[in-house]
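Asker: Listed below, chain by chain, are the residues.
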Amino acid sequence: MNSVVGTPMDRVDGAAKVTGQARYAADYPQEGLLHASVVSSTIARGRVVKVNSEKALQVPGVVAVLDHTNRPHVSSYDDDYSDDDAAEGSPFRPLFNDRVLYSSQPLALVIADTLELARYAGSLVTIEYSQQAHQSDLLAALQQTHEAPAETPEPRGDFAGHFAGADAKVDVTYLTANEHHNPMEPHASTVCYQADGSLVIHDKTQGTQNCQEYLHNIFGLPKDKLRVKAAFVGGAFGSGLRPQYQLPLAVMAALHLKRSVRLTLTRQQMFTFGYRPRTQQRLRLGVDKRGALVAIGHDAIGQTSRFEDFTEHLVEWSGMLYQCDNVALSYRLAPLDVYTPLDMRAPGAGSGVLALECAMDELASAAGLDPVELRKRNFASHNGNEGKPYSSKELLACYEQGAERFGWARRQATPGSMRDGNQRIGWGMAGGVWEAMQMKASAKASLDSTGHLTVSSATTDIGTGTYTVMTQIAADAAGIDVGKVTFKLGDSSLPTAPLQGGSFTVSSVGSAVRQACLTLRERLIERARQQRPDLASEADTAFTLENGQVKAGKHSVPLAELLAVDPQQCLEVQVEANPDDKRKPYSTATHSAVFVEVQVDDDLGTVRVTRVVSAVAAGRVVNPKTARSQILGGVVWGVGMALHEESQTDHALGRILNHNLAEYHVPVNADIGDIDVIFVEEDDRVVNALGSKGVGEIGVVGVAAAVANAIYHATGKRVREFPITLDKLI
Amino acid sequence: MTATPDQGALQRPLQMTINGEHKTLTVHPWTTLLDLLREQLDLAGTKKGCDHGQCGACTVLRDGKRINACLTLAVMCEGAELVTIEGLADGDRLHPMQQAFITQDAFQCGYCTPGQICSAVGLANEGRAHNRDDIRELMSGNLCRCGAYSNIVAAVEEALPLIKGARP
Chain A
670 MNSVVGTPMD
680 RVDGAAKVTG
690 QARYAADYPQ
700 EGLLHASVVS
710 STIARGRVVK
720 VNSEKALQVP
730 GVVAVLDHTN
740 RPHVSSYDDD
750 YSDDDAAEGS
760 PFRPLFNDRV
770 LYSSQPLALV
780 IADTLELARY
790 AGSLVTIEYS
800 QQAHQSDLLA
810 ALQQTHEAPA
820 ETPEPRGDFA
830 GHFAGADAKV
840 DVTYLTANEH
850 HNPMEPHAST
860 VCYQADGSLV
870 IHDKTQGTQN
880 CQEYLHNIFG
890 LPKDKLRVKA
900 AFVGGAFGSG
910 LRPQYQLPLA
920 VMAALHLKRS
930 VRLTLTRQQM
940 FTFGYRPRTQ
950 QRLRLGVDKR
960 GALVAIGHDA
970 IGQTSRFEDF
980 TEHLVEWSGM
990 LYQCDNVALS
1000 YRLAPLDVYT
1010 PLDMRAPGAG
1020 SGVLALECAM
1030 DELASAAGLD
1040 PVELRKRNFA
1050 SHNGNEGKPY
1060 SSKELLACYE
1070 QGAERFGWAR
1080 RQATPGSMRD
1090 GNQRIGWGMA
1100 GGVWEAMQMK
1110 ASAKASLDST
1120 GHLTVSSATT
1130 DIGTGTYTVM
1140 TQIAADAAGI
1150 DVGKVTFKLG
1160 DSSLPTAPLQ
1170 GGSFTVSSVG
1180 SAVRQACLTL
1190 RERLIERARQ
1200 QRPDLASEAD
1210 TAFTLENGQV
1220 KAGKHSVPLA
1230 ELLAVDPQQC
1240 LEVQVEANPD
1250 DKRKPYSTAT
1260 HSAVFVEVQV
1270 DDDLGTVRVT
1280 RVVSAVAAGR
1290 VVNPKTARSQ
1300 ILGGVVWGVG
1310 MALHEESQTD
1320 HALGRILNHN
1330 LAEYHVPVNA
1340 DIGDIDVIFV
1350 EEDDRVVNAL
1360 GSKGVGEIGV
1370 VGVAAAVANA
1380 IYHATGKRVR
1390 EFPITLDKLI
Chain B
2 MTATPDQGAL
12 QRPLQMTING
22 EHKTLTVHPW
32 TTLLDLLREQ
42 LDLAGTKKGC
52 DHGQCGACTV
62 LRDGKRINAC
72 LTLAVMCEGA
82 ELVTIEGLAD
92 GDRLHPMQQA
102 FITQDAFQCG
112 YCTPGQICSA
122 VGLANEGRAH
132 NRDDIRELMS
142 GNLCRCGAYS
152 NIVAAVEEAL
162 PLIKGARP
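One line per chain: the protein sequences are A and B, in this order.
In short: position in the first sequence from 1, add 669, done, that's this note's numbering.
In short: position in the second sequence from 1, add 1, done, that's this note's numbering.
Just so you know, not all the hints are guaranteed correct.
Claimed, not checked - Here chain A is said to cover these stretches of chain B; the calculated rule only asks that three of the stretch's residues, wherever they fall, bring their Cβ under 8 Å from a Cβ of chain A: (1) 11-18; (2) 28-38; (3) 47-54; (4) 146-153.
What the hints assert, rightly or not - Just some of the chain A residues that point at chain B, by a computed CB distance under 10 Å: (5) Tyr697; (6) Ser1162; (7) Thr1165.
Treat the hints as calculated values from the structure; they're not laboratory data.
Since the structure is predicted, the reported quantities are computational estimates derived from the model, not experimental observations.
In this text, a Cβ means the ideal position worked out from N, Cα and C, and glycines have one as well.
From just these sequences and the hints, can you work out the full model?
Answerer: Here it is, written out as structure tokens:
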């Protein structure tokens, strides 16, 4: 049978998605469903003195108004509110007490017969506060920082000495903006209250079991009475890594009323929880006469909340992407009266590599070197942070193939030297890196007597293509036609899976799926040999399963006959896959080289990204079609980060101003030019048995830096505060 | 204000055709077309992304023209012929735009997809997209956070010649 892994297959859930049949968290009808609406805080810090809900309760059709004084019992312990992606500290406890920790914090929940009524009644709830002074501005809090509780690599060599003596150097500081995930689907939970008091919940999440555990801990409900499902997730990009407050609030309402309840956050409320944090990053880079890096210093300050210390891998990249013996990295946090930040697509690398790769471009200028050449000269085959070789790192091929496809050789080095009429043309590039992780994961494979294989794991598909790639992996491993394979996910009752994030789903869940299906095939062959001696001498590779017949050589046996002994006439295998020990001596990472062309209008300062080439080395690509889409999407995110995205805060109120999709700009179709994706061949026998590293994040990393570097090349201006809006260019 | 007037007394009769089926409905004057579709008719394929006409996820076709269902009150659709994502396919036979979206992988999470497809069919009816730049510009009312724009343009380009002049 021909391998389907590595072939560009259409999404198996494509038809459901283009016909409107794919149901997301708020799309499930339910008999007698109640609708809830959140009332949010108008102050950034203080206490609630009184929630006045009488007027709301007088509206016919309003069923209840919950606040911290009348909600159902919940746990008070921090540990119970923790989750698989929790930051260090005291997690936010919705409606727990009278404390207001940030502006737009949920303080009351109105539950009514219809959505319109719930929202209208919510407008009638007034809240009396005792207000305290707040601080929401990172730049005003740079003197009140503490060391981030992160595993920041220890300094190596003598950074200060070598930086002082470098032949060419840069010392530059960048500012990145707060950004919100803004998946197109708002966070929503539909809690279906069952006759026996158990709850079936459709939630928008990247981890159904993470949510189940969270609810179990805070409400004290047994896990077998809590089933969390997420068959389809309308984007998440990290926003679903932690249970968000709509989930416990909807559950509170359902438990209080013993009714089914739906709570969908408004787009405005999508700005009232986690986000990519604003950072200030100082980069100090020095090279010797040969252009070899002799000193790298990366000092970052990120914002966090007063209740949790959010950390991400922000500065590590500067110690691992290039060869350098003298490295000093630091990472500090500034607590503010805001919500805790949250992992957002390529967390840490999105901002950290942006600063590093802009600084590398500035260094190339200072040293009089071509930006690609500078990077090639400093290629690292070892991860300097860990002192380990990379299991594979085809980054040089990324530079070469990307440059070739882009036509980099035709670049005129002098900034402002390329133009087309009123448009200055800029060509810039940057490198990208992301970890290739693997987590423990389980999967179950089940073959029925008709020859249909069903494989399942409690992972999710946030648009990445999990349904499709797992189907491909299962088909290959089991040796079954891909059309006879179904993959099930998005249900806490399925075999244990990690959160879907960090680009580790193919590596983790894919490895479990592969092992389960390989084992299933072995057992089937074993059974065929036992039951039919005429098959005993056939080699493993000779066995096929087609049309309900197990065949080998000239012999065949009906599958139904082989499975007759099983209680359900089906053969079932469940496995748990763990990262292989052979990974330990190695560092594992994906890499990219991104080349960007921009046009900057002379008079208006408008920037258009007309052309992008992204060359990616991510090991074996399971599905080039869906993987390419991941990279395309990553490039769009990078363009947004460079030019558009910024959650702007009114620091007088401590509140986000542009909390809607008209004023929080994400790229639209017309903002995106031609994008060319290259998957560079990379053979990795270490990372996992599939040889696949994952592509969810790498597409983003480096793009924003390449855009900024292209803008410099077009204009001669270094804008070090992101996003690069036109006011910064004219 | 101490009480809201009797909700039932405010309801209005409404007749319209949805996906080829004649409907006689009773709606509140404040109910949007989007909430009518999603909450009362279980036509949940039409998505709510912002409720403010900023994202395009709720795009449907009214008398062949693309509109934001969130900015349209249900009572404004008296006598209208409405087509939602659920009404585009002919039984199991997908509309050419739906097929092109699958072939070109013009979506990832799929949440903006019903709106993108309805918008693209509306664009075909308008007959004013002649090249890729036109498509990019005229599809810019539909946000896609997954960033599938390149493939959306490819899908619309592929399907446009197949559906010219054919109003769904």
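Asker: Kindly indicate which numbered hints from before are broken by the structure, ordering the numbers from low to high.
Answerer: As far as the earlier hints go, 1, 6, 7 are violated by this structure, in ascending order.
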